[in-house]
Amino acid sequence: DAKTTQPTSMDCAEGRAANLPCNHSTISGNEYVYWYRQIHSQGPQYIIHGLKNNETNEMASLIITEDRKSSTLILPHATLRDTAVYYCIVSATSGSRLTFGEGTQLTVNP
Amino acid sequence: GAVVSQHPSRVICKSGTSVKIECRSLDFQATTMFWYRQFPKKSLMLMATSNEGSKATYEQGVEKDKFLINHASLTLSTLTVTSAHPEDSSFYICSASDWQGVDSPLHFGNGTRLTVT
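One line per chain: the protein sequences are A and B, in this order. Take 1 as the starting number for the first sequence in the numbering used here and just add one per residue. Take 1001 as the starting number for the second sequence in the numbering used here and just add one per residue.
Everything labelled a hint here was simulated from the structure, so no lab data went into it. The structure presented is a predicted model; accordingly, all values stated were derived computationally and were not measured. Virtual Cβ for every residue (Gly too), placed ideally from N, Cα, C. Among the hints, erroneous ones may be present.
For lysine-lysine, the following DSS-like pairs were computed, each having C-alpha atoms within a straight-line distance of at most 27 angstroms [to be verified]:
1. A:Lys3 x B:Lys1041
2. B:Lys1042 x B:Lys1014
3. A:Lys3 x B:Lys1014
Chain B side only, calculated, beta carbon under 7 angstroms to chain A, not exhaustive [claimed, not checked]:
4. Val1019
5. Asp1103
6. Phe1108
7. Asn1110
Work the whole structure out from these sequences, hints included.
Pasting the structure below:
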C-alpha cells in the first residue's frame, strides 16, 4: 500500500469547516483513499473512501486531486464531537490488512 | 451498517494469567478478521490476520504462541494473550469487512483495554 503523509495536528473552530489534507504521491491506479477517525479510547470509525471522483456522505466530503496524489477530507460544520485522530489510508482493497500512519489530531474548539 | 463487537471492553489481570478477547461480527459474516494493538499516543499496529477455519497469519515480530488466535466461526474470532506480562498492557482492537465489494471498508470494534498487574 502507498504511504501517506498528514499534518500532525490541526485546530478548527466549532461550526466551521475542517479541511484535513493528505498526500499520497505514490498511489497506484487501483488504490482507494480511505479515511477513518479514532475518538479517544474507541475503535476507529470509517468515514468515507474514494478512487478518483469526489465523494460525499452524511459525515464528510472527500476531494481527490485529478492526479490522485493528494486528497482533502472536509467536515462541513465541525462540532466538538469531531475532535479525534483522523487517518488517511491508501489501499487496493479495504477488506485486507490496513496500515495506519500517525494521522492528524483534529481539535475542534468552542 | 456493519457492526463489530468486542468483549470485554476492559480487563485487568495478574501477571502470568491468560486473557481471552472476543470479536464478533453482529450482522454479517467475516471470513477474515484483523487484530491490532495500540499503545498510548501511538497509532494502530496490525498484529495478525484471523482466517476462519485456518491458521492465523501473524505480522513480523508478533509471537504466535503468545497471542493465540482462533476463528472458529464466520462471526467470531478470539485473541488469547497467554501468560500475560505488564508489557502486554495495551489497547487491542479487532476489525472485519462485510465485503459488499472490493472496496468495502473495514469496521472496527470498540477495543479492549488490557491492564496486566
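- Item | Hint numbers contradicted by this structure | Hints 3, 4 are the ones this structure does not satisfy, whereas the remaining hints hold.
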